[in-house]
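Here the protein sequences come in this chain order: A and B. Sequential numbering from 26 applies to the first sequence in this note's numbering. Sequential numbering from 26 applies to the second sequence in this note's numbering.
In short, the hints are calculated from the structure, not lab data. Because the structure is a prediction, the values reported are computed rather than measured. Keep in mind that the hints are not guaranteed to be accurate.
What follows is a set of in silico ranges between Cβ atoms, one per label pair, in the way DEER data are often shown [to be verified]:
hint, chain 1, residue 1, chain 2, residue 2, range
1, B, 57, A, 170, 35 to 43 Å
2, A, 113, B, 80, 37 to 45 Å
3, A, 73, B, 266, 22 to 30 Å
4, A, 170, B, 80, 19 to 27 Å
5, A, 147, B, 266, 43 to 51 Å
6, A, 244, B, 134, 21 to 29 Å
7, B, 137, A, 147, 24 to 32 Å
8, A, 252, B, 304, 54 to 62 Å
9, A, 73, B, 291, 33 to 41 Å
Listed below are the simulated SDA-like cross-link pairs for lysine to any residue, each with C-alpha atoms no more than 25 Å apart in a straight line [to be verified]:
hint, chain 1, residue 1, chain 2, residue 2
10, A, 123, B, 135
11, A, 326, B, 46
12, B, 243, B, 191
Cβ atoms here follow ideal geometry from the backbone N, Cα and C, with glycine treated the same way.
Protein chains: 2
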Amino acid sequence: MSSTCTVSILGCYAAAPGAFKNPTSQVLNIRNHVFLIDCGEGTQVALRRNKIKFVRIKHIFISHLHGDHFFGLMGVISTFSLLKRTAPLTIYGPVGIKEIVLLQLKLMQNFTSYPLHFKELSSKEPELVYEDDAVTVTTIPLQHRIYANGYYFQEKEGDRKLDINAVLNLNIDKAYFNKIKQGGDVTLEDGTIVPNSELTFDPPKPKSYAYCSDTRYKPVIADQIQNATALYHESTFLDSHEHLCKPTGHSTAKQAASIAKQANVENLILGHYSTRYNDLEAFREEAETIYPNVHLADDGKVFTF
Amino acid sequence: MSSTCTVSILGCYAAAPGAFKNPTSQVLNIRNHVFLIDCGEGTQVALRRNKIKFVRIKHIFISHLHGDHFFGLMGVISTFSLLKRTAPLTIYGPVGIKEIVLLQLKLMQNFTSYPLHFKELSSKEPELVYEDDAVTVTTIPLQHRIYANGYYFQEKEGDRKLDINAVLNLNIDKAYFNKIKQGGDVTLEDGTIVPNSELTFDPPKPKSYAYCSDTRYKPVIADQIQNATALYHESTFLDSHEHLCKPTGHSTAKQAASIAKQANVENLILGHYSTRYNDLEAFREEAETIYPNVHLADDGKVFTF
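Take the sequences, apply the hints, and build the full model.
If you want it as structure tokens, here you go:
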């Protein structure tokens with residue numbers, strides 16, 4: 026069954042945190058999984074302010090090893106221990122993340138109260154890093170100054186929905202319901218075969234969320250995330266600063282919109298704004314010249330799909 | 026010349042940061058030196074909010090390797106680079122601090138724009154770690170769950186103050202003034218020796234600031250910091266939780282006051298409160314049963330001595 030999916034923006038500004046501008050972190054709630062994506066300095070405080078229950082976070086996905094995306098990770102890991110957490114936690118991120126965490130835990134003489142696992146990444150191709158009955162997570166290789174991945178969170182297609190009236194009318198026994206929901210036809214006692222299409226409705230379209238930060242304009246991303254429900258794509262710059270994209274490894278709002286259009290996504294969320302800009306509306310206006318359904322991330326905002 | 030000395034509290038709460046309670050960090054301004062002491066998560070944001078100029082910080086003193094005292098260090102180091110700092114920065118802290126910082130800088134592929142020095146500490150005796158014409162800094166060995174030092178910041182005694190009327194009355198040439206300020210007597214042309222005490226006033230009493238966090242009650246600290254202008258001493262607990270001091274390596278407000286009294290300091294600042302307490306006044310009341318001049322640290326407060 027498809028359910029509501031929410032993205033809570035804890036921080037969405039590039040580089041050093043400002044007095045009131047948080048570096049990157051966000052929480053995706055999809056099929057009752059609470060995934061923490063990136064973890065800039067101050068993330069644990071932002072989690073508290075946004076009333077997100079620490080214990081529900083079981084997986085943290087780090088895009089790359091620049092400080093504005095991971096300096097809050099040690100604080101989160103330590104505070105989970107202070108709270109006497111017992112549930113396992115898995116960190117996904119570039120090779121090196123494990124050494125950074127374990128070195129500090131060792132020197133702090135302060136190991137975690139819960140099992141801490143790492144899935145270190147080094148592939149330049151998309152890689153399935155998480156899967157369960159309801160959801161998969163695949164890396165989206167990005168092009169930044171250092172090794173970086175976005176993450177593509179996808180609901181699995183749910184079971185077909187039973188047409189209760191149809192099965193009752195045909196006196197079909199409950200024992201067959203699971204088989205029917207999984208797409209099976211039914212043979213009645215008189216030998217008649219009732220095709221599945223007369224017993225069920227299509228399941229809701231699975232939802233999906235693509236997180237892409239930080240990256241240069243990389244059109245191949247669009248191939249991987251075709252028809253996603255929502256794409257968060259960094260837009261550090263406006264087109265007027267496009268010349269800064271190559272040396273810094275970032276994108277403009279226009280380029281983000283171009284990816285959204287090529288991928289035919291339903292929603293585009295812009296973020297990772299350079300703090301040089303005061304007016305975020307300029308990002309929306311620029312992106313809307315290419316693609317219509319543009320949302321602006323901002324600290325504390327929650328998007329529901 | 027002695028000048029005003031200020032202590033700006035950026036954060037003074039124990040353990041995990043709360044939504045509006047910062048972990049430990051403070052800025053000491055003494056003889057125009059701006060020393061950053063400890064560096065919990067969020068310190069760089071607190072520096073901005075307190076309008077402290079980053080470029081004036083040339084020395085950072087870390088007491089020990091628990092997260093609430095150093096998780097903000099990488100953010101400060103990185104942001105200094107983003108601001109294209111060129112002035113050298115020196116970090117003082119337990120052995121291991123250098124490895125923690127350099128590992129992360131290496132993996133970030135992002136070396137500093139300025140010379141970064143480390144003075145790693147491992148001695149269990151007081152150690153002079155910084156000295157210039159005006160100020161010395163000496164470690165104060167503490168007793169915590171892991172290796173920890175406080176720091177004792179002391180102004181050097183300044184030159185004696187010239188009694189302008191006296192030297193003019195005696196027609197003493199300006200060429201002798203420096204010698205007189207340094208304590209020398211003067212021989213007049215007729216052979217009379219004028220003792221220094223008739224030509225100068227005593228210099229102002231040098232100021233000193235002792236920072237002690239985190240530590241169990243350790244009376245020998247009082248011997249080292251006799252007559253300090255101000256002592257910041259942790260008071261994680263009230264006396265009602267005194268039984269928690271030994272296992273956690275912390276002190277009560279009463280114990281902090283006892284150190285202040287034994288050291289005959291002029292001012293005691295309490296801080297590093299456990300977040301279990303809502304009313305900080307209870308810390309003051311408890312300490313004042315032992316020692317009279319008690320101040321309560323709180324985030325954003327500035328103390329002037």
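Checked hints:
For the hinted restraint 35 to 43 Å between residue 57 of chain B and residue 170 of chain A, the CB-CB distance of approximately 38 Å keeps it satisfied. The beta-carbon spacing between residue 113 of chain A and residue 80 of chain B, approximately 44 Å, falls within the hinted interval of 37 to 45 Å. About 24 Å separates the C-beta atoms of residue 73 of chain A and residue 266 of chain B, a value consistent with the hinted range of 22 to 30 Å. Distance hint for residue 170 of chain A and residue 80 of chain B: a CB-CB separation of about 25 Å, consistent with the stated range 19 to 27 Å.
Separation of residue 147 of chain A from residue 266 of chain B is about 48 Å and conforms to the stated range, judged on CB atoms against 43 to 51 Å. At roughly 25 Å, the beta carbons of residue 244 of chain A and residue 134 of chain B sit within the given window of 21 to 29 Å. Between residue 137 of chain B and residue 147 of chain A the CB atoms are about 26 Å apart, so this pair conforms to the stated range of 24 to 32 Å. The hinted range of 54 to 62 Å is satisfied by residue 252 of chain A and residue 304 of chain B, whose Cβ atoms lie roughly 56 Å apart.
Between residue 73 of chain A and residue 291 of chain B the beta carbons are some 38 Å apart, a value that agrees with the proposed interval 33 to 41 Å. A threshold of 25 Å between alpha carbons decides the hint, and for residue 123 of chain A with residue 135 of chain B the separation of about 19 Å falls inside it, so the pair holds. Restraint check for residue 326 of chain A and residue 46 of chain B: the C-alpha separation of about 23 Å stays at or below 25 Å, so the hint holds. A C-alpha spacing of about 49 Å is found between residue 243 of chain B and residue 191 of chain B, which places the hinted pair above 25 Å, so the restraint is violated.
In summary, the one numbered hint that this structure violates is 12.
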